[in-house]
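The chain contents come next:
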Amino acid sequence: ETGVTQSPTHLIKTRGQQVTLRCSSQSGHNTVSWYQQALGQGPQFIFQYYREEENGRGNFPPRFSGLQFPNYSSELNVNALELDDSALYLCASSRISGDNYGYTFGSGTRLTVV
Amino acid sequence: EDQVTQSPEALRLQEGESSSLNCSYTVSGLRGLFWYRQDPGKGPEFLFTLYSAGEEKEKERLKATLTKKESFLHITAPKPEDSATYLCAVQAWNNNDMRFGAGTRLTVKP
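Those sequence lines, one after another, are chains B and C.
One gets my numbering by counting positions in the first sequence from 1 and adding 234 to each.
One gets my numbering by counting positions in the second sequence from 1 and adding 8 to each.
No lab work stands behind these hints: they were computed from the structure.
Ideal placement from N, C-alpha and C gives every residue a C-beta, glycine not left out.
Among the hints, erroneous ones may be present.
Here are the in silico distance ranges between beta carbons for each label pair [what the hints assert, rightly or not]:
#1 B/Leu301 - C/Lys117: 19 to 29 Å
#2 B/Ser299 - C/Arg20: 24 to 34 Å
#3 B/Pro242 - C/Phe54: 18 to 28 Å
#4 B/Pro295 - C/Ser60: 32 to 42 Å
To give an idea of the interface, some chain C residues facing chain B are shown, with a C-beta separation under 10 Å as derived from the structure [what the hints assert, rightly or not]:
#5 Arg20
#6 Glu89
#7 Cys96
#8 Asn103
#9 Gly109
With these hints in hand, go ahead and build the complete structure from the sequences.
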């Protein structure tokens, strides 16, 4: 059983630039959620995708957008990067939307905006 | 609004010294309460899901319990490898968001 893989592991971008982060979900999982984790804080929900449609969104501006592909992999896009976007971005997959068995998280992408 | 508060922020224990971590929550209709372990530089690792008050789950040295307002993660005779940040999260029936607390950073000294 493969886990959740994220790429890249680390990234440095300049303020104002755009970034795309990628996630391959665990085999058999069809739901992907994205979280932002600032240093010393718990993860914050960005949005969730189920069957290629956005299925819930947290309190993040529209410059945070996403995609889910037919193979259930996913992308997180962030436009017009700001310094406060520096964080660990986590992708989590589960079998169905709202799976109570707990999400499987990837190791994350560490984004630094300078 | 759903809220999760974890205490203490940090906890230092000697190997073998048992203790408990607290997670207080408010949620509009609890679908599930989750405990995760997170090691530095890694994603959270799933430990338990609790669904209703009175429920308990165990895994090795860890035991999670749930009431209508809080959950406890009891650590019995911890070892240095139990050192990590422990995160609590709740999910409500009316959305797909898992709301996390800030975590408890546990250090177990040999």
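Hint check results:
no.: 1; hint: B/Leu301 - C/Lys117: 19 to 29 Å; result: 46 Å, violated
no.: 2; hint: B/Ser299 - C/Arg20: 24 to 34 Å; result: 42 Å, violated
no.: 3; hint: B/Pro242 - C/Phe54: 18 to 28 Å; result: 24 Å, holds
no.: 4; hint: B/Pro295 - C/Ser60: 32 to 42 Å; result: 36 Å, holds
no.: 5; hint: Arg20; result: 17 Å, violated
no.: 6; hint: Glu89; result: 19 Å, violated
no.: 7; hint: Cys96; result: 8 Å, holds
no.: 8; hint: Asn103; result: 6 Å, holds
no.: 9; hint: Gly109; result: 5 Å, holds
Checked against the numbered hints above, the structure violates hints 1, 2, 5, 6; every other hint is satisfied.
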